[in-house]
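Chemist: Here is how the chains run, residue by residue.
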Amino acid sequence: QAGLTQPPSVSKGLRQTATLTCTGNNNNVGFQGAAWLQQHQGHPPKVLFDRNNNRPSEISERFSASRSGATAFLTITGLQPEDEADYYCSAWDSSLNGVVFGGGTKLIVL
Amino acid sequence: EVQLVESGGGSVQPGGSLRLSCAASGFTFTNYWMHWVRQAPGKGPVWVSRVDSDGSGTSYADSVNGRFTISRDNAKNTVYLQMNSLRDEDTAVYYCTTVFEYWGQGALVTVSS
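For the record, the sequence lines run as chains A and B.
Sequential numbering of the first sequence, starting at 22, is according to my numbering.
Sequential numbering of the second sequence, starting at 21, is according to my numbering.
Hints were generated in silico from the structure; no laboratory data involved.
Virtual Cβ for every residue (Gly too), placed ideally from N, Cα, C.
Mixed in with the good hints there might be a few duds.
To be verified - Under 8 Å between C-beta atoms, here's a sample of chain B residues computed to sit facing chain A:
hint: 1; residue: P34
hint: 2; residue: Y52
hint: 3; residue: G64
hint: 4; residue: V66
hint: 5; residue: W67
hint: 6; residue: S73
hint: 7; residue: Y100
hint: 8; residue: R107
hint: 9; residue: E109
hint: 10; residue: G124
hint: 11; residue: Q125
Claimed, not checked - Below are the DSS-like pairs computed for lysine-lysine, each with C-alpha atoms no more than 27 Å apart in a straight line:
hint: 12; chain 1: A; residue 1: K33; chain 2: A; residue 2: K127
hint: 13; chain 1: A; residue 1: K67; chain 2: A; residue 2: K127
hint: 14; chain 1: A; residue 1: K127; chain 2: B; residue 2: K96
hint: 15; chain 1: B; residue 1: K63; chain 2: A; residue 2: K33
hint: 16; chain 1: A; residue 1: K67; chain 2: A; residue 2: K33
hint: 17; chain 1: B; residue 1: K96; chain 2: A; residue 2: K33
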């Protein structure tokens, strides 16, 4: 089953801003939006944003999400060492009648 | 506090069966579709199956269709995944999740002879 497209890795310096992308189509991201997940090694995924770009209260305000058509964006400002992790996007796909994930972006904080 | 607690993982030989359970608490279980998502070592998450709020509708990834069965018991706030005819490639951590809101800690399933 086809997935969403994410760049494999992004490298940014400490305190810089990183913007991660997630590209789908009108059956998934363009249909109902995408959620963003953060995963540190050895831990389960944690939801950063739901499909309506709502952020749980425990997630830092340095994280923001947006969408333009079938592409979703995750922006992290003031990068910290603890932001180094794998980031995945996910969406419901109406044509597949299932959930699709991106391949993940490894964020490296230099 | 939201909790999704998986159980039933373990090691099994190819061709064998396992049943995963997931006990949910801390949110209105009947408002959510529930999913199983798996993640093989070093790989990204892959969707396995979903069951809608009242259990009347289900769907599966092509890779497990016909071998796995998802179900739920809303009286017990529990979702299940019956896995039959297991293959080596089914080895993964299996997460019980709403996908877009809540995730469990995962249950490891190892299929190996």
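Chemist: Each hint should be assessed against the structure and marked as holding or not.
Modeler: So, going through the hints one by one against the coordinates:
1. P34: At about 23 Å, which exceeds the 8 Å cut-off, the nearest Cβ of chain A leaves the hint on B:P34 violated.
2. Y52: Result: violated, 12 Å to nearest chain A Cβ.
3. G64: holds, 4 Å
4. V66: Nearest chain A Cβ about 7 Å off; hint holds.
5. W67: holds, 4 Å
6. S73: violated, 14 Å
7. Y100: Result: violated, 18 Å to nearest chain A Cβ.
8. R107: Since the shortest Cβ distance to chain A is 17 Å, the answer is violated.
9. E109: Violated: closest Cβ of chain A sits about 15 Å from B:E109, beyond 8 Å.
10. G124: Holds. Min distance 7 Å.
11. Q125: holds, 5 Å
12. A:K33 x A:K127: Roughly 11 Å between the alpha carbons, so the hint for A:K33 and A:K127 holds.
13. A:K67 x A:K127: holds, 15 Å
14. A:K127 x B:K96: Measuring from Cα to Cα gives roughly 38 Å; hence the hint is violated.
15. B:K63 x A:K33: Status holds; Cα separation ~23 Å.
16. A:K67 x A:K33: holds, 22 Å
17. B:K96 x A:K33: violated, 46 Å
The structure fails hints 1, 2, 6, 7, 8, 9, 14 and 17 (numbered hints given earlier, in ascending order).
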